Amino acid sequence: MEALVASGIGVLTAAGIYLILRFRTFPVVLGMTMLSYAVNVFLFATGRLVVNMPPILNHLGENTPGYTDPIPQALVLTAIVISFGMTAVVVMLSLGAFIEAGNDKIDLGDEEKNT
Amino acid sequence: MSPALIAALPFLGALLPALLIRTGRTNAAVAAAATSGLALLGLLLHAPAVMRGEVITARYDWLPWLGLNANFMIDGLGLLFATLILGIGLLIILYARFYLSKDDPAGQFYTYLLLFQGAMVGIVLSDNILLLLIFWELTSLSSFLLIGYWKHLPEGRQGARMALTVTGMGGLAMIAGMLILGNIAGSHDISAILQAKEAIQASPFYLPALILILIGAFTKSAQFPFHFWLPHAMAAPTPVSAYLHSATMVKAGLFLMARLWPVLAGTPEWFYIVATVGLITMLVGAKIAIFKDDLKALLAFSTVSHLGLITFLLGLGTKAAAVAAVFHIINHATFKAALFMSAGIVDHETHTRDLKRLGGLRHLMPITFTIATIAALSMAGIPLLNGFLSKEMMLEEASHTLWAGNAWIVPAVAALAALFSAAYSFRYIAHAFLGPVRDDYPHHPHDPGFGMWAAPAFLVVLVVAIGLMPMTFAGEIVRTAANAVVGGGLEMYPIKHWHGLTPALWMSVVAVVGGLLLLSLHPRLNAIWLAMPRPEAKVIFDAIIAAAARGAQALTGRLHNGSMSRYLLIFVIAALGAGYWAWTTGQQGAPTRALTPATPVAFAAWIMLIVATGCVVAFHRNRLLALVLISIVGLIVSMSFIYLSAPDLALTQISVEVVTAVLMLLALNFLPKVTVPETSVLKRRFDAVVAVVGGLGAGLLIYALMLRDFAFPSMSEYHLANSYTGGGGTNVVNVILVDFRGYDTYGEVIVLGIAALVIFALTEALLTGASSRKLIAWRPDVVRAGDKHPLMLLVATRVMMPIALMMAVFIFLRGHNLPGGGFIAGLIAAVALVMQYMASGYAWTQARQRVYYHVLIALGVLAAGITGIGAWFNGVPFLTSDFGYFRIPPFEKFELATAMGFDLGVFLGVVGSVMLALGGLSRLARRAAVGDEGFHVVAEKPDARALAEQTGPLEVGLAGEWRRSARLGAEEDK
Numbered sequence: 001m002e003a004l005v006a007s008g009i010g011v012l013t014a015a016g017i018y019l020i021l022r023f024r025t026f027p028v029v030l031g032m033t034m035l036s037y038a039v040n041v042f043l044f045a046t047g048r049l050v051v052n053m054p055p056i057l058n059h060l061g062e063n064t065p066g067y068t069d070p071i072p073q074a075l076v077l078t079a080i081v082i083s084f085g086m087t088a089v090v091v092m093l094s095l096g097a098f099i100e101a102g103n104d105k106i107d108l109g110d111e112e113k114n115t
Numbered sequence: 001m002s003p004a005l006i007a008a009l010p011f012l013g014a015l016l017p018a019l020l021i022r023t024g025r026t027n028a029a030v031a032a033a034a035t036s037g038l039a040l041l042g043l044l045l046h047a048p049a050v051m052r053g054e055v056i057t058a059r060y061d062w063l064p065w066l067g068l069n070a071n072f073m074i075d076g077l078g079l080l081f082a083t084l085i086l087g088i089g090l091l092i093i094l095y096a097r098f099y100l101s102k103d104d105p106a107g108q109f110y111t112y113l114l115l116f117q118g119a120m121v122g123i124v125l126s127d128n129i130l131l132l133l134i135f136w137e138l139t140s141l142s143s144f145l146l147i148g149y150w151k152h153l154p155e156g157r158q159g160a161r162m163a164l165t166v167t168g169m170g171g172l173a174m175i176a177g178m179l180i181l182g183n184i185a186g187s188h189d190i191s192a193i194l195q196a197k198e199a200i201q202a203s204p205f206y207l208p209a210l211i212l213i214l215i216g217a218f219t220k221s222a223q224f225p226f227h228f229w230l231p232h233a234m235a236a237p238t239p240v241s242a243y244l245h246s247a248t249m250v251k252a253g254l255f256l257m258a259r260l261w262p263v264l265a266g267t268p269e270w271f272y273i274v275a276t277v278g279l280i281t282m283l284v285g286a287k288i289a290i291f292k293d294d295l296k297a298l299l300a301f302s303t304v305s306h307l308g309l310i311t312f313l314l315g316l317g318t319k320a321a322a323v324a325a326v327f328h329i330i331n332h333a334t335f336k337a338a339l340f341m342s343a344g345i346v347d348h349e350t351h352t353r354d355l356k357r358l359g360g361l362r363h364l365m366p367i368t369f370t371i372a373t374i375a376a377l378s379m380a381g382i383p384l385l386n387g388f389l390s391k392e393m394m395l396e397e398a399s400h401t402l403w404a405g406n407a408w409i410v411p412a413v414a415a416l417a418a419l420f421s422a423a424y425s426f427r428y429i430a431h432a433f434l435g436p437v438r439d440d441y442p443h444h445p446h447d448p449g450f451g452m453w454a455a456p457a458f459l460v461v462l463v464v465a466i467g468l469m470p471m472t473f474a475g476e477i478v479r480t481a482a483n484a485v486v487g488g489g490l491e492m493y494p495i496k497h498w499h500g501l502t503p504a505l506w507m508s509v510v511a512v513v514g515g516l517l518l519l520s521l522h523p524r525l526n527a528i529w530l531a532m533p534r535p536e537a538k539v540i541f542d543a544i545i546a547a548a549a550r551g552a553q554a555l556t557g558r559l560h561n562g563s564m565s566r567y568l569l570i571f572v573i574a575a576l577g578a579g580y581w582a583w584t585t586g587q588q589g590a591p592t593r594a595l596t597p598a599t600p601v602a603f604a605a606w607i608m609l610i611v612a613t614g615c616v617v618a619f620h621r622n623r624l625l626a627l628v629l630i631s632i633v634g635l636i637v638s639m640s641f642i643y644l645s646a647p648d649l650a651l652t653q654i655s656v657e658v659v660t661a662v663l664m665l666l667a668l669n670f671l672p673k674v675t676v677p678e679t680s681v682l683k684r685r686f687d688a689v690v691a692v693v694g695g696l697g698a699g700l701l702i703y704a705l706m707l708r709d710f711a712f713p714s715m716s717e718y719h720l721a722n723s724y725t726g727g728g729g730t731n732v733v734n735v736i737l738v739d740f741r742g743y744d745t746y747g748e749v750i751v752l753g754i755a756a757l758v759i760f761a762l763t764e765a766l767l768t769g770a771s772s773r774k775l776i777a778w779r780p781d782v783v784r785a786g787d788k789h790p791l792m793l794l795v796a797t798r799v800m801m802p803i804a805l806m807m808a809v810f811i812f813l814r815g816h817n818l819p820g821g822g823f824i825a826g827l828i829a830a831v832a833l834v835m836q837y838m839a840s841g842y843a844w845t846q847a848r849q850r851v852y853y854h855v856l857i858a859l860g861v862l863a864a865g866i867t868g869i870g871a872w873f874n875g876v877p878f879l880t881s882d883f884g885y886f887r888i889p890p891f892e893k894f895e896l897a898t899a900m901g902f903d904l905g906v907f908l909g910v911v912g913s914v915m916l917a918l919g920g921l922s923r924l925a926r927r928a929a930v931g932d933e934g935f936h937v938v939a940e941k942p943d944a945r946a947l948a949e950q951t952g953p954l955e956v957g958l959a960g961e962w963r964r965s966a967r968l969g970a971e972e973d974k
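Those protein sequences? They're chains A and B, same order as listed. The numbering used here numbers the first residue of the first sequence as 1 and each following residue consecutively. The numbering used here numbers the first residue of the second sequence as 1 and each following residue consecutively.
There may be inaccurate statements among the hints.
With a Cα cut of at most 30 Å, we get these calculated DSSO-like pairs of lysine-lysine [stated by the list, open to error]:
{"no.": "1", "chain 1": "B", "residue 1": "K673", "chain 2": "A", "residue 2": "K105"}
{"no.": "2", "chain 1": "B", "residue 1": "K356", "chain 2": "B", "residue 2": "K287"}
{"no.": "3", "chain 1": "B", "residue 1": "K774", "chain 2": "A", "residue 2": "K105"}
{"no.": "4", "chain 1": "B", "residue 1": "K538", "chain 2": "B", "residue 2": "K287"}
{"no.": "5", "chain 1": "B", "residue 1": "K151", "chain 2": "B", "residue 2": "K102"}
{"no.": "6", "chain 1": "B", "residue 1": "K683", "chain 2": "A", "residue 2": "K105"}
{"no.": "7", "chain 1": "B", "residue 1": "K319", "chain 2": "B", "residue 2": "K197"}
{"no.": "8", "chain 1": "B", "residue 1": "K538", "chain 2": "B", "residue 2": "K292"}
{"no.": "9", "chain 1": "B", "residue 1": "K788", "chain 2": "B", "residue 2": "K673"}
Note that these hints are calculated values from the structure, not bench results. Since this is a predicted model, take the numbers as computed values, not measurements.
I would like the entire structure built from these sequences, with the hints used as guidance.
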């Protein structure tokens, strides 16, 4: 299981890095989404992998098999929502740039650099 | 009055003139004067105690772990300087009231002046070098405002910038020096540092610290070679010059040298640096002053020279020299402030300060003439005036000072400087006031009103009084201050006029006679001076600044070439390098955890993930397809969360997937649908290598991590143990979010709200101006569906809406104990709303929207904040939650926790943010769509809701939307 998760994170990271190195906004946004997945799963996995032990307490005192680490989950939960906010801002920026400049290149042109 | 309050009063008072200026200049001046006067009174009440040798202190811990504390003290030196600053400040406030014209913004002036005054008082009363540094920088900033007060004058702006650059850079050097000093002494309190003389002078860091601190002091006090900024600061209004250059700003450097004299002085390094620089400055400043035709420029260079004199005395390192230095500080402040003010009066009345156009004012302005003459004679060192006494003391000290074994060089230079000083002082009197009355003054001169000459007259009275009876009027304060400078134990000799026929007396005689001689030779000397090439400091300074700016521009131009993909590449490679370095240099133990078995389901999901990711990369140019593929990745990630015991994460991820997909689709409405390949194969291969290495790194790192246990005990145990008993919830993740780490969540909701507002602002920007016209003229690049709002979808979403909202409420309520909570509920509610927008159109939905999304964000932040503050009323810290169990028959026992209020805030914040973000994008789309078809159509019945009441909801959803959209478009265009 660990190998699957680790290789999944690796593949997601590689895809994300490759896509953010493209020259147009949309692939870069996709790449950042990929990287967000990778980072979120990475953070989550730092709590170590556990199957069937959600961090929901059984306060009635019945037999419980134990709980997984709740802290990375709390961290990642807000990270997922924040990364949506970030993606939305980046999408809006790229859209604005596209409307104003007429193209969706992420690098500045020569005349833009001078201004 | 507490020393801290004395320092704070001018800052507090700085508000008054700014507020009162509408009621008239006099009121502003009175308010400023009252503040200064109150602070001065508070200070002088401490004077008897300080004269007895006590030190008044006020100590407040501010950042104790940094050694930065608001410690203030009034000792002799602080008392002297603070009296000068506040006393002359009062006179300046009076003088400025009459000097400034009606057009000058007087409120600003007094505000800046009081800010500056507060900073200066802060410097001289600080008992902590870090605190002192803060005030030091504040003087640089506030003097910048004062020097550049006449914003319309380019000289004023340039002078202010130059002063700020030079003194600011010196201040930076001084920060370093002070930190070293504090490090050696083991404390940042000045009173503690002053006890550590041996340790400091024995330290190998003594010399670096000394040099750095002296750079700060020299730049501030305009010592050679940093003296050039001071004359350029003369572009300021005269009250500013009189204040900054007689008693305050430039004296700050001297104050610092005097303050640290007990620990820094007495070494050869100190002597050779400080005394030599002082001596050179004294000579150079005096020489240039002789040839300046502008009254204020002459006074500026004379100030440079006198500052050099005091520096020289401090540099000698003897106690007698320290007494002379303190005495001259007082004398210089009195006569120089009076001189600046009289120069200002001349300027004010004749409209020129050029000595070549003046002369003969003796008969026209007798009062000003008397004041200026007495002050100038004091500056020249004529007996019975205070300048004579301290200059004699200086010459006396100089006459027996050896410089590198040489006995005559110091006395000779000092005597020459005194001679020059006498010459420019005489010239000030002779060329402005003596001689025949002219008939070509730019403005007919006459004496000003009492208000304007009262302040310099008062100072001249002091000049004479101290000159006649030094021990009566200044003896005590000189003794007290000098004692503070030398660190106590000073035997004070009485200050006398007659010491017998000492070398100093002969040097004085030579100086006065030589000065008169130079004055008579002035026209011829001036011709020589003008013919000689001389370095123009401003040109050199400007050249250095321009070169630095060019260098910075070239560097940033090369580093930031506008290619974002290059920055990202550098970032990735740097991160990989850092990771490699950490991996190879760090240590890791053997794996301690057993592997979790992989089930066929997990394996199948893994294969899907890999294939989907690969397809995203392979088909990323087809953007719609890539969007579908990346959604598959998101779904598999959500499923993995469920499988790996994280139900909350799975719920969050899957709802975020929905809104992200909508977001991207809205963007793709405008963006091109395909990416044209434009990179070379080589570049793509290189990127692929970097990406694979990065992926390998991340994968290996997390694999290694997952095979090992925590290096330190995790705090999760605490959260698991206390979640139910302390937070009242069994869903530990939710309890962490709303309780244990509620503060973080609070911040995150605010960040999300800010992101949404940023998007809103961007939308607004795009809906105006050129981009708006582009939107209106937009031609969609793909064929639109014939049916904008398919009936099936419309009916389905409207039926689903209450169900989805109910689901959100359910998820919200159960969140504390079971998977769910504010974040997830907020996302689900947002999805429910988004469905309406998609199926029924923006305008239809917008017409039914009762609350703005901005308001929802604000309400969310407020609800969370108020819940947090509510804890205060229980006497517990912010965001501490409380809970209890209730029972209302016939329902089961249920729980209410205050955390629910907080979670409600999260819920509202998330709904508002998501909807505002998506709404912004759809507004752009609407602008384009309206422009496309019916932009100029104005609806006859614009209110869609009124229409809805007449004809029932469904038709209006289709027809009303169109009408309203046209109206909105027309409105937005206005």
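Looking at the structure, which of the earlier hints fail to hold? Violated hints: none at all, because every hint is consistent with the structure.
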